[in-house]
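Engineer: Single-letter residue listing:
There are 2 protein chains.
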Amino acid sequence: MKDMLGREEVLSVEEARKLLMESASVVPAECRIDITDSLNRILSRDIVSPEDLPGFSRSTMDGYAVSASDTFGAKEGMPSYLNIAGEVFMGEHPDFEIQKGGAAKIATGGMLPANADAVVMFEQTSSVNTDMIEVLKPVAPGENIIRSGEDCKTGDVILRKGGRIRPQDVGALAGIGIAKLWAYEKPKVAIIATGDEVVPAERPLKPGQVRDINSYSLSCLIEENGGIALRQGIFKDRFETLMKAVEDSLGEADLVAITGGSSVGTKDLTAKVINTAGKPGVLFHGVSVKPGKPMIGAVINGKPVFGLPGHPAAIIVTFELFIKPVLKLLTGETDRLIHKIKRTVKAKLLKNISSSSGREDHIRVSLEEIDNELWAVPVLGKSGLITTLVKADGTIVIPLRKPGMEKGTEVEVELF
Amino acid sequence: MKDMLGREEVLSVEEARKLLMESASVVPAECRIDITDSLNRILSRDIVSPEDLPGFSRSTMDGYAVSASDTFGAKEGMPSYLNIAGEVFMGEHPDFEIQKGGAAKIATGGMLPANADAVVMFEQTSSVNTDMIEVLKPVAPGENIIRSGEDCKTGDVILRKGGRIRPQDVGALAGIGIAKLWAYEKPKVAIIATGDEVVPAERPLKPGQVRDINSYSLSCLIEENGGIALRQGIFKDRFETLMKAVEDSLGEADLVAITGGSSVGTKDLTAKVINTAGKPGVLFHGVSVKPGKPMIGAVINGKPVFGLPGHPAAIIVTFELFIKPVLKLLTGETDRLIHKIKRTVKAKLLKNISSSSGREDHIRVSLEEIDNELWAVPVLGKSGLITTLVKADGTIVIPLRKPGMEKGTEVEVELF
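Going line by line, the protein sequences match chains A and B.
For the first sequence, our numbering assigns the number 1317 to the initial residue and increments by one for each residue that follows.
For the second sequence, our numbering assigns the number 1317 to the initial residue and increments by one for each residue that follows.
What the hints contain is simulated information worked out from the structure, not anything from laboratory work.
Take these hints with a grain of salt, some might be off.
All copies of an identical chain are treated as equivalent in the list; a pair is satisfied when it fits inside any one copy or across any two copies.
Below, simulated DSS-like cross-link-like pairs (lysine-lysine); rule was C-alpha separation at most 27 Å, straight line [said to hold, decoys possible]:
(1) K1640 <-> K1723
(2) K1391 <-> K1698
(3) K1522 <-> K1421
(4) K1606 <-> K1453
(5) K1496 <-> K1552
(6) K1334 <-> K1606
(7) K1453 <-> K1609
(8) K1640 <-> K1656
(9) K1718 <-> K1664
(10) K1477 <-> K1496
(11) K1698 <-> K1421
(12) K1560 <-> K1391
(13) K1707 <-> K1656
(14) K1504 <-> K1644
(15) K1552 <-> K1421
(16) K1644 <-> K1658
(17) K1560 <-> K1640
(18) K1707 <-> K1469
(19) K1606 <-> K1421
(20) K1698 <-> K1453
(21) K1588 <-> K1421
(22) K1496 <-> K1707
A quick note: this is a predicted structure, and the numbers were derived from the prediction, not measured.
Same shape as in the complex, but just chain A:
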């Protein structure tokens, strides 16, 4: 089987992706953002704590700050008697210290007075008079307190460059007094829809016309994966028109995706436009994957450019296989185990499925729980149908040289 550049073998998904990743030159820019806008942004620098957290030893209980050694051996019937030296007020530095045999009333979060190294809970004390308490149980040094710097120390690396910021990370940043940080700019992705028959969602249809589906779903996929989608509009299948759209897009975006182009000769038109727009141009035209075979992968002056087939299911599969990893490079995010875990789940196949060997087959499936086991149910239908995607929860892959899979096989479902 020849590919569309006349090569003897169509590239495998892996070969095509490798070619693309090696040819794109990706240097995400940095920007300064507020932590209140930082959720899910990618850190462009390590975060180093500028201070100890907490900055002083704090109580984690309501009770009495003590020197632990003064409570050793205390029990009911033989309590330790301690003199109340004062009370710690919240948010204030205690202006007294604990002497041998002394104690200070303290609430959760209060600052330990000098010489105190533990807190006895109220429940384990009883009042003798206004100046004295009995302690009924011993505490160990460090008990019921968080020591100064126990959460983190000045100079500790709290978060790593390339990490995606989660809710608790924003909390930690606030905790160490970092209100602004350096993050990568979100990559801009231009989407060019083509096709003389394609009209926008809100336009009434004439016979022979269809509405643009792909630039809507593609925009959402890009936003979900950390990019900014720039919908450029719908363009006629003419060289000059498409050429101008591609040049304009290269001017404002970091990645360009051209969807559709399904008229006779349009596939060649897209390739011709890309090759005219700059070097190296088209890297591959055709990949052994279904759906998505006729796709174009290209790089123009370092920027990745895609020519995507018009079928809705092909858009989802080629996005997952090619655009998503390239987009991830552009976001600056480092791959972590947790990402893979969140994206996939193991299930058993509910029906036999066949596949022509010689291509990687991506089958849409919905998930069902039957007798406490998870089953993947193939959603059948042509790759031109958008509703098959609406019914599906994810996809499974039948590898290049496998003729199909039997009912009951354990499969890994890539979740939408």
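Here the structure of chain A is known, so what remains is to put chain B in place on it, guided by the hints.
Structural biologist: Frame of chain A; chain B shown alone:
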């Protein structure tokens, strides 16, 4: 063990949640939104297709539209000869029909002329002259086409009320010409931080002061779960101050979360304020869970109100157990299998862990892959430490009456 309302037994997580869900009266409002703003929004009405998709039979290949019966028996050496009746132009209604023995040039996406019921791919034809082709392989009726209404029909329910809108759903909406839709309003959640010792992230610290961590991480958790976070500020632990903050918050939000309140007597203060603000007031004060035990669950005039402990880890756990399910009710989203699947993963425990029985213990873990197996590594540290959450990928639960778990046990990790 008595709870803080003096009941003999502290409520279990399940009992407390049930009490809360039954007492809150939740009627999410509707609003009209554009599909380009609809990703991850919740549908407040079923989506019914107003038209057939596609509205006409379309080719899925570049080739010739034919009447399939004219190709039956065709093979190399004995082809069917067909007369070219015309060419289908993209986006136009063909102004001719296919007669017996006729064919029309057509591109992917083109509208089939009358009487055509299949498409022969170019690769399986050859040109005899400008008016005639040979067909080298038969096609079946319906082959290489999508029939009118094959994707969906007028009146089909495409998406269900209560569903969260995904990228492919936005594509499907565009495809059937729905550019605006009815969705639930996002619920507004007011966050009140309390504590005389607490200052905002950007403020320098005096001795005894700490920065607000919880309202930052809580805001992000709310936004991630489909709500709008309204950070109301940091308030002093005084009855009038807190009362005004709660009343103002009830005026503008659908749910109120009060964090902190760690000074002596503050826990009682929060409960007193809630009970003064309206009925039924505090439903439970104390739950048998660690971390998070001293939390308050309340309802005021139908609106859920939470009094959350000050420890960062307690915030995350109580959010997951109580606020998240209530927030989900407020968003109008219907629970689906896929949500549970995306949220949890099975792993083996890497170390023994102990737990005091009589409370549900939530242990923070990080995930590691060792020899192709997934392991959960407990992240040890007091629940007052925010960095333990930064190091963790999720939590595991040790149930109420279990003293601990052994190394190697299979655990279900609730992912962050």
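Engineer: Please go over all the hints and tell whether each is borne out by the structure.
Structural biologist: Results of checking the hints against the structure:
no.	hint	verdict
1	K1640 <-> K1723	neither (30 Å within a copy, 37 Å between copies)
2	K1391 <-> K1698	between (77 Å within a copy, 26 Å between copies)
3	K1522 <-> K1421	between (80 Å within a copy, 21 Å between copies)
4	K1606 <-> K1453	between (71 Å within a copy, 22 Å between copies)
5	K1496 <-> K1552	between (45 Å within a copy, 26 Å between copies)
6	K1334 <-> K1606	within (19 Å within a copy, 48 Å between copies)
7	K1453 <-> K1609	between (74 Å within a copy, 22 Å between copies)
8	K1640 <-> K1656	both (13 Å within a copy, 24 Å between copies)
9	K1718 <-> K1664	within (17 Å within a copy, 32 Å between copies)
10	K1477 <-> K1496	within (15 Å within a copy, 40 Å between copies)
11	K1698 <-> K1421	between (73 Å within a copy, 22 Å between copies)
12	K1560 <-> K1391	neither (86 Å within a copy, 45 Å between copies)
13	K1707 <-> K1656	both (23 Å within a copy, 18 Å between copies)
14	K1504 <-> K1644	within (12 Å within a copy, 32 Å between copies)
15	K1552 <-> K1421	between (78 Å within a copy, 20 Å between copies)
16	K1644 <-> K1658	both (16 Å within a copy, 20 Å between copies)
17	K1560 <-> K1640	within (25 Å within a copy, 48 Å between copies)
18	K1707 <-> K1469	between (50 Å within a copy, 15 Å between copies)
19	K1606 <-> K1421	between (71 Å within a copy, 25 Å between copies)
20	K1698 <-> K1453	between (73 Å within a copy, 21 Å between copies)
21	K1588 <-> K1421	between (80 Å within a copy, 23 Å between copies)
22	K1496 <-> K1707	between (42 Å within a copy, 21 Å between copies)
Checked against the numbered hints given earlier, this structure breaks hints 1 and 12; the rest are met.
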